Structures are given as C-alpha cells and as structure tokens.
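Enquirer: If you read the sequences in order, they're chains A and B.
For what it's worth, the numbering used here labels the leading residue of the first sequence as 454, then goes sequentially.
For what it's worth, the numbering used here labels the leading residue of the second sequence as 454, then goes sequentially.
In case anyone wonders, no lab produced these hints; they're calculated from the structure.
Because the structure is a prediction, the values reported are computed rather than measured.
A portion of the hints provided could be inaccurate.
Same chains, same label: a pair holds when it works inside one copy or across any pair of copies.
As the list claims (entries may be wrong) - With a straight-line cut-off of 20 Å between C-alpha atoms, the simulated EDC-like cross-links for lysine to aspartate or glutamate are: (1) K654 to E698; (2) K629 to E698; (3) K704 to E694; (4) K707 to D697; (5) K654 to E550; (6) K531 to E481; (7) K625 to D502; (8) K456 to E606; (9) K723 to E596; (10) K704 to D721.
Protein chains: 2
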Amino acid sequence: MTKVCIIGVGLIGGSIALDIKSLYPKTEIMGVDSNETHLKEALVLNVIDTAVPLEEGVNANVVIVSIPVNATKKVLPKVLDLVPENTVVIDVGSTKEAICMTVENHSKRRNFMATHPIAGTEFSGPSAAIKGLFKGKTNIICEVENTAFKLQEIALKLFSDIGMRIRYMKPKAHDKHIAYVSHLSHISAFMLGKTVIEKEKNERDIFDLAGSGFESTVRLAKSSPAMWTPIFEENKTNVIETLDEYIYNLKHFKTLIENDDFEAVYNDMKQTNHIKDILNGLV
Amino acid sequence: MTKVCIIGVGLIGGSIALDIKSLYPKTEIMGVDSNETHLKEALVLNVIDTAVPLEEGVNANVVIVSIPVNATKKVLPKVLDLVPENTVVIDVGSTKEAICMTVENHSKRRNFMATHPIAGTEFSGPSAAIKGLFKGKTNIICEVENTAFKLQEIALKLFSDIGMRIRYMKPKAHDKHIAYVSHLSHISAFMLGKTVIEKEKNERDIFDLAGSGFESTVRLAKSSPAMWTPIFEENKTNVIETLDEYIYNLKHFKTLIENDDFEAVYNDMKQTNHIKDILNGLV
Numbered sequence: 454m455t456k457v458c459i460i461g462v463g464l465i466g467g468s469i470a471l472d473i474k475s476l477y478p479k480t481e482i483m484g485v486d487s488n489e490t491h492l493k494e495a496l497v498l499n500v501i502d503t504a505v506p507l508e509e510g511v512n513a514n515v516v517i518v519s520i521p522v523n524a525t526k527k528v529l530p531k532v533l534d535l536v537p538e539n540t541v542v543i544d545v546g547s548t549k550e551a552i553c554m555t556v557e558n559h560s561k562r563r564n565f566m567a568t569h570p571i572a573g574t575e576f577s578g579p580s581a582a583i584k585g586l587f588k589g590k591t592n593i594i595c596e597v598e599n600t601a602f603k604l605q606e607i608a609l610k611l612f613s614d615i616g617m618r619i620r621y622m623k624p625k626a627h628d629k630h631i632a633y634v635s636h637l638s639h640i641s642a643f644m645l646g647k648t649v650i651e652k653e654k655n656e657r658d659i660f661d662l663a664g665s666g667f668e669s670t671v672r673l674a675k676s677s678p679a680m681w682t683p684i685f686e687e688n689k690t691n692v693i694e695t696l697d698e699y700i701y702n703l704k705h706f707k708t709l710i711e712n713d714d715f716e717a718v719y720n721d722m723k724q725t726n727h728i729k730d731i732l733n734g735l736v
Numbered sequence: 454m455t456k457v458c459i460i461g462v463g464l465i466g467g468s469i470a471l472d473i474k475s476l477y478p479k480t481e482i483m484g485v486d487s488n489e490t491h492l493k494e495a496l497v498l499n500v501i502d503t504a505v506p507l508e509e510g511v512n513a514n515v516v517i518v519s520i521p522v523n524a525t526k527k528v529l530p531k532v533l534d535l536v537p538e539n540t541v542v543i544d545v546g547s548t549k550e551a552i553c554m555t556v557e558n559h560s561k562r563r564n565f566m567a568t569h570p571i572a573g574t575e576f577s578g579p580s581a582a583i584k585g586l587f588k589g590k591t592n593i594i595c596e597v598e599n600t601a602f603k604l605q606e607i608a609l610k611l612f613s614d615i616g617m618r619i620r621y622m623k624p625k626a627h628d629k630h631i632a633y634v635s636h637l638s639h640i641s642a643f644m645l646g647k648t649v650i651e652k653e654k655n656e657r658d659i660f661d662l663a664g665s666g667f668e669s670t671v672r673l674a675k676s677s678p679a680m681w682t683p684i685f686e687e688n689k690t691n692v693i694e695t696l697d698e699y700i701y702n703l704k705h706f707k708t709l710i711e712n713d714d715f716e717a718v719y720n721d722m723k724q725t726n727h728i729k730d731i732l733n734g735l736v
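Just chain A, with the same shape it has in the complex:
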C-alpha cells in the first residue's frame, strides 16, 4: 500500500488518514476535497501529505470515499470509472442501500467495498480528525461477495490494522437497524435541543440548570447538518418508521402521566433499564 487517497478530509476520512500515517509511515496520503479551506487545513494539520485533483487521487492503491452520502452517489461512479484494476474503493457512508444500488451494474463493481465504520464524534472537518478513532469499534461491510477477493483482503487488513471488528450485513438490513441505533438518536437529540432552546429565551438559565444528563443527551445536536440531512434523505422510509414508533412511545408515556398511572410509568422505565445490560454486552 504505497498510496492512499482520501476523498473528503473530514472527521472520518481524516481519522483514517491519521491511523494510516501512524501504521504505515511510508505510505503517501493524498487528499481530495471540494472544500479548499478543508484541504488546506488538512495539509497544515498533517492529516494528508498532498492535495490533489480527483483524477490524480484515483491512482492510489486504496481510495476512501468519506463525503456526505448524497455526494457519494455522484462521486463514486466517477471514481470507479477512473481507477486502475487493482485499486480498492471504500465508502464509509452511514446509509448503504442507495449507494450499493448506484453502482450495482457498474463494470468496476468488484473494485468497490461498501462499509460503515460505526465511529465518530459530534464534530466535523479536518480538525475533528483523531488518531485511534476506530479502535475497538465495529465496521459493517455490505455485499462483501461483490468485491474482488484480492481487494477484500487489502481492505480487511486495513480495518484490522486500525483496530476494527467486522460485521457483514445486507444493505437493507443495515439501513433499517442503523435507523434505530444511530439516526433516531440524532433526531431525538436535535429535537431535544430545539425544544429547550425555543423555551428558554434567557440562555444563561439553561446553562446554569443543565447538568451532565442534559449535556450527554443533547450532545448529538452539535452534529453537522451537511452530513446528516442527506442521511435522513437517503434513509427516509426507515427514519420515518423509527420516528413513528418513538413518537408513539412518547405519547403513550405522556398519557400514563396524564392518567396518574405512575405504576405503569415506573414499569415502562424499569423495563427499559435493561438497556444497561445490552450496552454492557451482557446479553
């Protein structure tokens, strides 16, 4: 792996770049980004070695596409058109079905691997890149059988080297599951933030009263709208389904309180406490 190209030098792309730099110091890391400021920032921060146009970047051994999912649908076919036979192109988007469908009949489909590393923070851009972001985290790979053997090997070695566990899923199942554990969390946090901001005109009051509970529950409301809007668009059907169920549960909980049925309120929370064991992996 002498050359790697990162298309989109933000939180995820930049963090992969930093891990590769530290693991393979001789590998040249090229950066491609439509945002000139980000590209310069990535150079200054030593996240990438060189800033190149897309046409040059595609000559790398590994091309990582780490841009918003709607942009991936446009850029990925073009990248596949241009890459040499032995280059593996990896996307890291948070939705998988639409991206896989976009290139399903591409003549170079076997050069592509669809992945979703479940890692990140609420920050964005090259300055958000962190070394070791993926250590111990899960990477979901979709339609692995559609990637050429040799290229599978290169990609899997990279993921293993940066410390990721691999799970294989179908794109449809991925999008459905991730709507619950990731997309819904983001909407829940954004709407919590919105509700509180709307209510509290004197913002200093929020800050004074907000404990660590509010801070962690609302944390994801700091996330990038440029990244999340296309995710909700791509995964519209699943996101709406999760929202329907979430709103239903909230309404039901509200009705229990209105009816003074606090035994049921207690039981609802008690059963949900089980999330503790699930998150501890004790199931």
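Given chain A, put chain B in place with the hints provided.
Expert: Positioned in the frame of chain A, the structure of chain B alone reads:
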C-alpha cells in the same frame, strides 16, 4: 459541624457524605435509610460512620434529606417536628414546589432549606456515591429568605466547601426550567431505549451497531425508576408541557422529511447547532 445526618444514603446523599468526610474528618456522619441493605452497604463502604434510627439522626447539626421527592413530602415535616432549634434540614430533591408547599406553614420552616444540586449520574444506591460529585456544579436554592440567617450560613458554607455555585430561584420557576433541561432529557432517553429494545429482538445486533452516539443519548435510560417516577408525578404539569412541545417538534421534523423538504430539515438542525455555544457558556 460535629454531627451530620444523611437521610437516604444513595447516590446524592452518599456523595455529600463522602465530601464531608474528606473535608471535615472529625464530623460524625450518621445514616438513616428505610432500606436495610443500603444502610449496611453504606457502612461497609465507609460512606457513613453509624446507622441510626431517624429519632436519633435528627439531633445532628445538619440533616440532609436525600430520598425520592414523594418520600420527602412525608418525611420532611416529621424531621422538622423533631429537630432542635439550631439544626438545618436540607432537602436535595429534583422538584421544589410541592416540597416547599408541604412545609410552608410548619412552625419550624426556618430550620429548612430547599435545594437542588444539579449533579448526578445514571447510577443509584450507596455504591454509586462519588467524592467530588458536586465540584463546579450548580446548586439551586429556593425561598432562601424563609431559612433562618444562621442556618443559611451553615448550609451555604457546606455547599461552597464542596465546590458548588449557588443560584437562587422561586420553586415554581425551578420546576418549570428543570422540566426542560432535566426531566425531558430523561424521558427522551427512556423512550429512545424503549423504542430500540422493542424493535430489535436480537439484542446482540443493537450492541454491535450502537456507537458512542447512541450510548450517550440513551445513557439516562439507566436511571432509577424509583427516583424518577415521583419526580414526574410531582412535576406532572410542567413535564406534560415539555412533552407536548417535544412531540410537536418531532412530528414537524417527520413531516419535513415526508414532504422531502430537506432544506428545512437542514435549517432546523443548523439552528439547533447553537446548543454548542450555549453548553460552552459562550452566550
């Protein structure tokens, strides 16, 4: 301050006990708890020095009432009945109006100080007690003018010694504000946990796909239903109001997605990003 009595040796009461132990090593810390197991645990963990009946505990210089808010309404008048003239009784409950009203006409109202230290974790019981939990956190004091001067002084010195910032509010305003920044966060997290658990029958799948985003957003769903049910009951009106607004915002967001109005989806999130500055105290 030679003797302190903690009524309810859980997360909050236990953490105050640990701070007092470390600040005033000569102070005797008595513990009162209706839960015998918790009382023994608090003794073994050295959170308290002695386990005593309520009738003995009330002879302390400072009595902290740190039990669920519905229990406080029952226990507090009884404690006030029994305490000597120079004892300050401090409650630390998450709702303030009902508690203040319960004792507003008590002949020893001046021995009482109503407070809400905005601090905690999702854990409960004596083993959840942490030294330094209150450092840098805010304590809301209600109706301070109804507490005797000398007793105000003792209580304020204690809060200052354990590192808390003080804010004064009326009980009604406290309950309204805290419904937004604390109670709604808890319901939002509990219902997120419930929605995901209901959906995902194979729990291992949740765990594999759940990133740190889900984990932090759902964290409060680990909280104690025994503590939170009475809070929602006491603060019913405000909690229902916050839930109505939260559900309205979620429905609106869902409608925007359904109508493919992703520009509005983007703007909704962009405006809420402002929570970043609020939480950083940059307002």
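Enquirer: With identical chains, the pair K704 and D721 could be close in the same copy or across copies; at 20 Å between alpha carbons, which is it: within, between, both, or neither?
Expert: This pair counts as within: shortest intra-copy Cα distance 13 Å, inter-copy 22 Å.
Enquirer: Regarding K654 and E550, is the shortest C-alpha distance of 20 Å or less found within a copy, between copies, in both, or in neither?
Expert: neither (42 Å within a copy, 22 Å between copies)
Enquirer: At most 20 Å between CA atoms: does that hold for K707 and D697 within a copy, between copies, both, or neither?
Expert: both (15 Å within a copy, 8 Å between copies)
Enquirer: How would you label the pair K629, E698 (within, between, both, or neither) given a Cα cut-off of 20 Å?
Expert: For K629 and E698, only the intra-copy Cα distance (13 Å) is at most 20 Å; the inter-copy one is 27 Å.
Enquirer: How do K531 and E481 come out at 20 Å by Cα distance, when the copy is not named: within, between, both, or neither?
Expert: neither (22 Å within a copy, 74 Å between copies)
Enquirer: At most 20 Å between C-alpha atoms: does K723 with E596 qualify within a copy, between copies, both, or neither?
Expert: Answer is neither: 39 Å inside a copy and 34 Å across each miss the 20 Å cutoff.
Enquirer: Within, between, both or neither: how does the pair K654, E698 come out at a Cα-Cα threshold of 20 Å?
Expert: between (31 Å within a copy, 15 Å between copies)
Enquirer: Quick one: K704 to E694, C-alpha cut-off 20 Å, is that within a copy, between copies, both, or neither?
Expert: For K704 and E694, the Cα distance is within 20 Å both inside one copy (15 Å) and across copies (12 Å).
Enquirer: Go through the copies and call it for K625 and D502: within, between, both or neither, with a Cα cutoff of 20 Å.
Expert: Neither way: K625 and D502 sit 37 Å apart in one copy and 59 Å across, limit 20 Å.
Enquirer: Measure nothing new, just compare the shortest in-copy and cross-copy C-alpha distances for K456 and E606 to 20 Å and report within, between, both or neither.
Expert: Result: close within a single copy only, 16 Å intra versus 68 Å inter.
Violation of the numbered hints given earlier is confined to hints 5, 6, 7 and 9; the remaining hints are satisfied by the structure.
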